[in-house]
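A.B. asks: Listed here are the chains, written in short residue letters.
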Amino acid sequence: MREGVVRSAGLTLTIVYAALIGWLFARQPATLAEVTGGLSSALGVYRVDEQAFADGVRYFRNEQFVEARAAFDRADPARRDAVTQFYVAYSFYRQGWGRLYSDDALFKAGLEAIDRAIALAPDGRVVVEQPDQKIRTADELRAELEMGLRRDASDFNPLRVFRERR
Amino acid sequence: MTAVREAIVLPSLFLTVILAGGLRPGAPLVLPPPSLLALILAALLVGALVQSGAFDPARLIHGRRTLLANANGSVLLASVFVAGAQVFSLLTPDSGAPRIVFGVYFLLLMLNTIAAGPDRVRMLRSLGVTFGAALILKFIVLDALSDPAGGRLARVLQLLFEGATLGAVTQGAQHPSAGYLALVTLALFLAAIWMLPARERGGALVVAGRS
Chain A
1 MREGVVRSAG LTLTIVYAAL IGWLFARQPA TLAEVTGGLS SALGVYRVDE QAFADGVRYF
61 RNEQFVEARA AFDRADPARR DAVTQFYVAY SFYRQGWGRL YSDDALFKAG LEAIDRAIAL
121 APDGRVVVEQ PDQKIRTADE LRAELEMGLR RDASDFNPLR VFRERR
Chain B
1 MTAVREAIVL PSLFLTVILA GGLRPGAPLV LPPPSLLALI LAALLVGALV QSGAFDPARL
61 IHGRRTLLAN ANGSVLLASV FVAGAQVFSL LTPDSGAPRI VFGVYFLLLM LNTIAAGPDR
121 VRMLRSLGVT FGAALILKFI VLDALSDPAG GRLARVLQLL FEGATLGAVT QGAQHPSAGY
181 LALVTLALFL AAIWMLPARE RGGALVVAGR S
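If you read the sequences in order, they're chains A and B. In this text, residue positions in the first sequence follow this note's numbering: the first is 1, and each later residue adds one. In this text, residue positions in the second sequence follow this note's numbering: the first is 1, and each later residue adds one.
Treat the hints with care, as some may be off.
For each label pair, taking beta carbons as the anchor points, the in silico distance ranges come out as [claimed, not checked]:
#1 B:P25 - A:L149: 42 to 50 Å
#2 A:L159 - B:A144: 56 to 64 Å
#3 B:R155 - A:R150: 54 to 62 Å
#4 A:R47 - B:V104: 49 to 57 Å
Since the hints were derived computationally from the structure, they do not count as laboratory data. Predicted model only: the values in this text are computed from it and were never measured. Note that the Cβ used here is the ideal one computed from N, Cα and C, for glycine as well.
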């Protein structure tokens, strides 16, 4: 009887441990915060720091994009919140946007962030309803970022200088 | 072998080796899965362990055991294999000529060990020497040759060495804790291998269809 209990407990423990290792290898978390955040998210107890998120949005509206991302990183250290990742991507877009050309490095970082946001959102749909915001969905933002990274004949159109940052 | 050792201690040790062996500390953390060569080497390692009697799978999976006991045995067998692959992966350099040289070195050593057919003690001793030597070569010798933070003279020598070898030997910089982690992982692996159920004295390996 006792041996059966030991064996059952051992098998359960091993399966849980192996599942954790499998999860780590599949998810490839880059930091310890992502490990703990991912685990707490899997258990449904992950929470975004509301104060840091509000700070991030305030910085974002003041066009302080580096500060905004620092605040968003504090708010969502495990990168598990779709809306925060949307704003991270949006800050990369706004910082990297230029009338003549866009900053590819920032746009690529933005694309990574928006892909994270889409992957995290239920059904991949991220909608941020803010009246003063020109981009409200992840799909629009992704399209803008992709357009900025694309090289084609429209890049040489002189009328590009009249386009607006969204 | 007790149920505690078979069902809890050994699988936990091997799973810890799998986790720690796959961990490349630094920023960002990287968890590379074992390469195909590492899996092949692990299969050879398990074969060598069975042949030497250091590991007797028949004591883990057997028709007369209960379903639960066989499940424990199967999990342990799988964890030995994957942990072996992770150890080979851990001790193999990440790139360049050393990666190929280490791969060939491990392959020849495993084949040679199987051909030599050592007993349990010699097998364990051989594994300790092989893995220990690889650890020293990768985490001390190669690391010193690839150290970007050395002094001016070291950097000049490194530059000359890189020129002479066309940059095929030097590796990416490793986190300072990588060597310590590898040492602990290797020690855990060797201890776990030593604790595996060995073939009992006077016992013979029974092959299906033969007496």
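A.B. asks: Each of the hints needs a verdict: does it hold here or not?
C.D. replies: Status of each hint after checking the structure:
no. : hint                        : result
1   : B:P25 - A:L149: 42 to 50 Å  : violated, 33 Å
2   : A:L159 - B:A144: 56 to 64 Å : holds, 59 Å
3   : B:R155 - A:R150: 54 to 62 Å : violated, 42 Å
4   : A:R47 - B:V104: 49 to 57 Å  : holds, 52 Å
The structure is inconsistent with the numbered hints 1 and 3, although it conforms to all the rest.
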